[in-house]
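Novice: Starting from the two chains in their separate frames, assemble the complex, guided by the hints.
First to last, the sequence lines map onto chains E and V. Each residue of the first sequence is one higher than the one before, counting from 1 in the numbering used here. Each residue of the second sequence is one higher than the one before, counting from 457 in the numbering used here.
Certain hints may be false.
Cut-off 20 angstroms, straight-line C-alpha distance, at most; resulting in silico cross-link-like pairs (DMTMM-like, lysine to aspartate or glutamate) [unchecked claim]:
id, chain 1, residue 1, chain 2, residue 2
1, V, Lys1014, E, Asp106
2, V, Lys747, E, Asp106
3, V, Lys676, E, Asp184
4, V, Lys993, V, Glu1003
5, E, Lys406, V, Glu1009
6, V, Lys942, V, Asp877
Calculated from the structure, these hints are not laboratory results.
Take a look at the letters that make up each chain.
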Amino acid sequence: MNTDTIAAIATFLGNAGINIIRISGNNALDIAKKIFVKNGKNDLDLKPRYLHYGHIVDDNNKVIDEVLISYMKAPNTYTKENIIEINCHGGLISAKKILETVLLHDCRAAERGEFTKRAFLNGRIDLAQAEAVIDIINSKTDSSHEISVNHLEGRLSREINEIIEEILDLLANIEVNIDFPEYDEDEVTINKVKELSESLVNELDRLIKTADTGKIFKEGIKTVILGKPNVGKSSLMNFLLNENRAIVTEIPGTTRDTIEEYVNIKGVPLRIIDTAGIRDTDDKVEKIGVEKALSKVDEADLVIMVFDSSTDLEEDDEYIINYVKNKKVVYISNKTDLPRKLNLKKYENIEKELINISILKNQGLEEIINKVNQMFFEGSINISDELIINNVRHKNLLIKAKNSLKEVLNSINNQMTIDFIDIDLKQAMESLGLIVGKTVSDDLMDKIFNEFCIGK
Amino acid sequence: MNDKVREFLADSVDVAVIGAGHAGCEASLAAARLGMKTIVLTMSLDSIAMMPCNPNIGGTAKGHLVREIDALGGEMALNIDKTMIQCKMLNRSKGPAVHSLRAQADKNKYHAEMKKVLENQKGLQVIQSEVTDLKINEDGSFNVITKLGAYYRAKAVIITTGTYLQGRIYIGELNYSSGPNGLEPSTELSESLMDLGIEMRKFKTGTPARIHSDSIDYEKMDVQTGDEEIIPFSFMTDEINIEQVPCYITYTTEKTHEIIRENLDRSPLYEGVIKSIGPRYCPSIEDKVVKFSDKDRHQLFVEPEGLDTKEMYIQGMSSSLPYEVQIPMYRSMIGMENAQIMRSAYAIEYDSIDPTQLKSSLELISIKNLFFAGQVNGSSGYEEAAAQGLIAGINVVLSLTGKEPLVLDRSEAYIGVLIDDLITKGTNEPYRMMTSRAEYRLLLRQDNADERLTQKGYDAGLVTEERYKKFIDKKEAIENEIDRLKGIKITPKAETNDLLEKAGSVPLSKALSLYELLKRVELRYENTYELDTDRPKLKKEIKDYVETVIKYEGYIAKQINQVEQFKKLENKKIPTDIDYDEIGSLRLEARQKLNKIRPDSIGQASRISGVSPSDINVLLIYLMTFRGMGTHR
Chain E
1 MNTDTIAAIA
11 TFLGNAGINI
21 IRISGNNALD
31 IAKKIFVKNG
41 KNDLDLKPRY
51 LHYGHIVDDN
61 NKVIDEVLIS
71 YMKAPNTYTK
81 ENIIEINCHG
91 GLISAKKILE
101 TVLLHDCRAA
111 ERGEFTKRAF
121 LNGRIDLAQA
131 EAVIDIINSK
141 TDSSHEISVN
151 HLEGRLSREI
161 NEIIEEILDL
171 LANIEVNIDF
181 PEYDEDEVTI
191 NKVKELSESL
201 VNELDRLIKT
211 ADTGKIFKEG
221 IKTVILGKPN
231 VGKSSLMNFL
241 LNENRAIVTE
251 IPGTTRDTIE
261 EYVNIKGVPL
271 RIIDTAGIRD
281 TDDKVEKIGV
291 EKALSKVDEA
301 DLVIMVFDSS
311 TDLEEDDEYI
321 INYVKNKKVV
331 YISNKTDLPR
341 KLNLKKYENI
351 EKELINISIL
361 KNQGLEEIIN
371 KVNQMFFEGS
381 INISDELIIN
391 NVRHKNLLIK
401 AKNSLKEVLN
411 SINNQMTIDF
421 IDIDLKQAME
431 SLGLIVGKTV
441 SDDLMDKIFN
451 EFCIGK
Chain V
457 MNDKVREFLA
467 DSVDVAVIGA
477 GHAGCEASLA
487 AARLGMKTIV
497 LTMSLDSIAM
507 MPCNPNIGGT
517 AKGHLVREID
527 ALGGEMALNI
537 DKTMIQCKML
547 NRSKGPAVHS
557 LRAQADKNKY
567 HAEMKKVLEN
577 QKGLQVIQSE
587 VTDLKINEDG
597 SFNVITKLGA
607 YYRAKAVIIT
617 TGTYLQGRIY
627 IGELNYSSGP
637 NGLEPSTELS
647 ESLMDLGIEM
657 RKFKTGTPAR
667 IHSDSIDYEK
677 MDVQTGDEEI
687 IPFSFMTDEI
697 NIEQVPCYIT
707 YTTEKTHEII
717 RENLDRSPLY
727 EGVIKSIGPR
737 YCPSIEDKVV
747 KFSDKDRHQL
757 FVEPEGLDTK
767 EMYIQGMSSS
777 LPYEVQIPMY
787 RSMIGMENAQ
797 IMRSAYAIEY
807 DSIDPTQLKS
817 SLELISIKNL
827 FFAGQVNGSS
837 GYEEAAAQGL
847 IAGINVVLSL
857 TGKEPLVLDR
867 SEAYIGVLID
877 DLITKGTNEP
887 YRMMTSRAEY
897 RLLLRQDNAD
907 ERLTQKGYDA
917 GLVTEERYKK
927 FIDKKEAIEN
937 EIDRLKGIKI
947 TPKAETNDLL
957 EKAGSVPLSK
967 ALSLYELLKR
977 VELRYENTYE
987 LDTDRPKLKK
997 EIKDYVETVI
1007 KYEGYIAKQI
1017 NQVEQFKKLE
1027 NKKIPTDIDY
1037 DEIGSLRLEA
1047 RQKLNKIRPD
1057 SIGQASRISG
1067 VSPSDINVLL
1077 IYLMTFRGMG
1087 THR
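Pulled out of the complex, with its shape left as it was, chain V reads as follows (with noise of 0.2 angstroms):
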């Protein structure tokens, strides 16, 4: 297009992450911040840690996942504590494991603060230009080439590029060439990454209407205000005191309902000129309204976007239909009446990766030290790219210092289970997190994340010193505690079976530890102050935490002997040399996925969908055969 551009080399670096969504950002303050001289490029700096879509951080299973990457010494959770407007412990009611933190955000300060951040970073160049070609050199280096005639030679490269690769946006019948929420969409790189061999294949995703705030009648909504006491995403900050702001909870109507079905021969997803899939968890109102029509009507939120800004979101009602049907769309819905919409809702169109072409380092199967992390791998959502985003940065340096990668298994992290699902089962949608996706469901609270991840996070450099230590002290509390309890005996004396019986337990016909009282369902730590009246003042987590860890100790001793099976397969390794083609008695299909999606071990194999349990037998006796032999490495 501008042949007349010349080229010239810029710069040359260890690693380009081409890309500055959530993604892009973990993954390049990881890389910097293991020593690597590292760039980002940018569409636009004015879009870096955008949130184009739902103004919120966490919920269920991706709450845990933020905690997760601050364990591992990420940015996200820092972040979102900064800029947080509401936040609330969902799932309460609920057990510990499924207690999920979720916040709203103001957009555009979440956007300031994390580009604030990516500026002070030593080490990290962020540069605004749109990357339009891809070049491998003969020495295994890239060249990552601009479109203003800048290219930068790069050791690595993560692409973290979210929904931009060819981006198109479908507003009923007006669709054209762009990337999210307006910005300018990347033209050229997709085709670059074909040519490398890549295969790409489209998805769909949308976002609803933004309301100016002064249109909506507040009064006739539910109010949903953020819990009393915050309890901070990261476990570096101690506490958040905010003024919270509310959001709301509205309904469509019957005529809501009327409009879209009288209106569906418009919208793109109907009329068959969108055929790429979108998310079955993230329906537009179209969707909704056809598959449940027995519904007679559909919840609604309403969140504001920010502070400083008036724009609501009301998450709920995505949609494609065309601009004409959407301002009378929006206007039926309850407290909406003369809703004033500032951006309309859209659907948007965009290239992503098949995910099964990646190892489970990020890296690229078919090309060394090319990395690809976030929504361009297939999944959906803030946290599961910036999740992705930090561990293609940490694997990015590891690589490059020629060091084994990190890889979290499935019972180590939601991060673990995210990864191991794109890269061995693919997904035929944009890929959400889920509680239900964990089958240790129990042992991956967000409560531990810091005791699951940190250690593994200061072995790969990137967890601070001063985070660390926190850490340790807080393990230490906690083993310091339950040591303590366990040595407590509670005799059966009158005096204590009274406090008991108070407490609405059965008294004590034996002495007992205060541990092994506190597994009783209705005593909880805090009402057995009476009974322990000399014990140390400790911080709610820690106490709670103790808690958990007593009342669940069967639970979760189930779930570990589960996982120790777990393990026992995912530990028998696979030699990266194996070439299936020679292994006869494999049959064919199990032979070409385990070609195309070259698992780790024997317990990644067992998970590829058209590998059977005798295909894995195979497999099993040729490894053994193999290192008899002297080869196995």
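Chain E on its own, in the form it takes in the complex (with noise of 0.2 angstroms):
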């Protein structure tokens, strides 16, 4: 059976008091002892099947969260393998943290129903579940695979390419000089492989760090905030960034109508879509931009919507009201400051639920990110918990790249020759090959060819 460890969050994301991480594997129980303390010391003797109480700390040391652990031994657990599951605060960031801090040791993010076939394959569950559990894994590994490479940011996917692309080159030079030594290429010489990997270590040192703001990977709740023309939807947006530092990308959108851009809000990560005002018209270009605001409500978590509290409602609100009927919306009136003329008579519930605001005097806007927050932590938003998984396991092969270049660089020291210091080299290349999606050994042998000659 396989017998590498893996790991991940078994509770849906954000909508609980608690999350827990589950690991499953002969690591397992290592790895909880080394990241897990009690009154500051780690190493404990985990007793199987007591809950005990302490905290996770990271590779510095520094607490992440404040835990119940617990220790199952294989093999009378779900997968029939040694599990360790630990029970932290819910919310996204803690969770995240100690994931993160779980893979840095030997052992790998889980595939989507990983644990579930573990638990099939070690025969744990019946044979009669078993073209269900067909269904399950199949359905989710290979979408998983394609969301993960889908989201990710273009930019990150076109600098990884262009890493890979340069150990690439390298590495068919090098193993150019290893296969045909007997022709004139130029021989690769070590300080042109330890100029190179230093400067990547720099540069995925800085993806990584990227990575942990939340700034390279397309995460957060996929929110669109609507509205007829003017009621002021572009200054809520520039709040909302402007109040919150962490503002990252921006990705223009397919047309000059919607600007998407990203934020963290107290631990609630926000994916915002600006769109064009909604209203009937006959404006060509104004039509599209209305088609593609309403598209983006189809694919939105949660709508703002934004009316004008010194007009009447019109026409156009009411068609936004039908619209967006059957998502989660938060309702919000602007424009207090100047007299109320907005009748929400038809529309009891949401006037109950109205917030009301004036951008320009600054009033009102903490009581929408505090409606925004109490929606995410009672879970009646959710963020797709693909995402932020992937988003662990990419910056943990950024990371494990950059592990595998230190090793170079430590061969290097060493005086290995250029072989040895070529095995490194190969890993951290698949390494970043699995983030954007492809094998890179195939590309290595294309490249041998295409840009050396040799052969007799």
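Specialist: Set out below in structure tokens:
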């Protein structure tokens, strides 16, 4: 059976007071002993089937969270392997951090459905369930990989591909030197490898850091700001962004009329999409913008609908109300600094939830943030945990690639010959290849033949 | 064609090998040595173990293959040890895993010596006759029918036809049906194989001209000599003392390139007359000039073909340009101004099979006891051919005696990588072994081929008692020396530290075993003698081996760890009677590929292109269910 150790966040993120990080496999206990501390001590004897209270610390011994940890000994567990479960506080950050810390040790992020797969393969699940298990695993494995690659932000994927290309160039040359030593191709010097590795370690460090602040991956609750023209949507967006310095990327929309921004509000990651104002229009260009805005609504996890307090309800408002009725919506009335003309008698429930603000006077804005937070932690809006997991996995692969490059430098320091250095260089390239979803070993062979004149 | 020739049963044998090139020689020797009544049929007795292209054996990765063949009890290494005229260990400046032996062979002698071995092999008949047809009898045996009318009834057949099937030589506008080197082609067998439902396709390769040595001005070339001390290929050869012959390095000139460019329209490759695919690592000089037009010269090697001939092989100059163009082209190279061509360069097109039709034993999936080995499987090179021949020869016997086949995996041998690549991924060009193809290069060294394989060869019955004893002795010597070094404590005495500093190392602060100390890069086994004056007198190969194991322990351990992961999926075997069509959850493409390739294990299945990770999951779960129902065997 597979004995490599896997880990994942086992609970659905964001909707509970507790999250569970599960580790399964031979190394589970060892990992727990390294990262779990009680009264400042680690390497504790974790008695099976008991809950142990303590803290999880990161690689710098800094406390991440207060936790309860349990150890279940093989074979009487779900996967029939050793299992560690870490119960930590709810919300995104703590669970994610703990998983990241776990993955720094000898284990890898579980594929979707992998605990179930192991349970089955280790004979834990009934045969009658086989078909169902196949379906679950089948649908997850392919799609999750696709999602993972698709959600890579364009710039990052470009940067990683560039790094891969740089390593590939060097590797092809090294392989040519090894496999065709009698030909007069330039020898790769150790210095060249050293220079590249050093610069790539720095580059990867930068990427890993940005991954921490969520700047890298498309991650967040898809939030669409909607309203008829000129109700203050863009000002609201600017407010949300300005209040929170963690703004990161600007992805130009495919039409000039939608803009996406990322922001993290008190631990809740939002991916905010500003849209064109919605109104019935004959103007062709504007019509496209309106259609675009509505199509964004269809994919959205959350809608922030903005009314103009100083004008009465119009047809366009009602159109929007109707359009978003099956969505999670935060209703906002802006421009309360002006006399109120908005009449919501027809929509009592909206009136009840309405948040009155004045962006101009900076009034009531805090309430929006509180409302969004409340909805998130109550679990009425959700972020796809698939994305979070992929982000953790990606970050982990970046770290692995960096570590491999450090091994390269280490080997160089120890005066190893180029064929040893090459081993970790390949490893670094493969880790990066996993992020962008390609098998790089085939590329290597092509490169050898396409770029070097070798052969009898 | 010759309808009037009467067919008659000439003999009944266990194994018939068709072809006596490098694959056929190993295959027939292995089968006969394992006690089978064997015949080997060849187009010409004068072309047994012929080297129609380059006059050398070994090179990077290929040298490893030769060592592996030897460790398993094959013949190639012994034969090149007898017939080499120069030898070199390549990549000496790099790590031990990529050190590779390459020898220049005396071609005629290589052929003659191998022929002698075949002729003297008990249980092996060597027959000159073209095989024109292959028929399967109702009992599963074969009738191997020859042009002379004689047919041989064989329980099993190994096809090692190299580049002979439907061979066609191209020299400019001229092309004609021919085997390699102007020998007769095999014109009928290919069709007979297609009739058996075997998929064939055309491959292409080429060879340069041979030039009369006296017409070459070596003064203008760089000399390449062999190693001072020759390391033999075979673990059985203790030493080789020969006078070595030099090779030479020269270059093309701008004029060469001009001639080629002007005459490209006369090259059948560029004219599109040859449509088949040639190997990328063995490009013709036309290819090189076109593809790497920024290079103002290309390096060439001038190599002797033997001691009793003046033919010189011009490595790097294979070509299919017309003879009329070849003459000025060769003469435009440095030192070749007066070159006398003795044999022209040519390209050759031939039929080979799609190797994904084979099992890892090299037996055809669709026909029991029909094996294929060598260039006919889409590989290239003498060593690749010999390796497959040996494996087919061993497996034919295991099959006839009802035993499990000998399958080497990717972590055990280059032979394993070679065969797995061919049968799992297939190949769209003649396949050459390269060290970059091996995932576990550090473990597959040429110095430990015996450690990896001799036991397996012994178990299969091919390794002689003499070889086995030698292997065990060596293994013990290595283990004893490692244990001894681990037991020697070096303490930080002033005198010791002086010695260390003299050797360019840092002084000790606490006691250390000599084993640990030798991990320091700057210290060598040889320069630590003064710390260990009682050391036994050991052979160089043992000292080198011990040093490698100590110095690279960490890296080796890392790869062993990777191999353990790899083995997990390799060890999950798939029952041979599995019906992929029954597994509804497999995607269509995966089902088709799996049905075609019929992998032995989940590991092999995962290397098939078009089989996704989720297909592998489905397979794993299906196999579980299968086993659960008690039908798993």
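Novice: Hint by hint, say whether it matches the structure.
Specialist: Status of each hint after checking the structure:
1. V:Lys1014 with E:Asp106: holds, 13 angstroms
2. V:Lys747 with E:Asp106: This hinted pair is violated, its Cα atoms lying about 46 angstroms apart.
3. V:Lys676 with E:Asp184: At roughly 18 angstroms apart (the allowed maximum being 20 angstroms), Asp184 (chain E) and Lys676 (chain V) satisfy the hint.
4. V:Lys993 with V:Glu1003: OK: Lys993 (chain V) and Glu1003 (chain V) at ~15 angstroms, within 20 angstroms.
5. E:Lys406 with V:Glu1009: It holds: about 19 angstroms lies between the C-alpha atoms, which stays within 20 angstroms.
6. V:Lys942 with V:Asp877: violated, 40 angstroms
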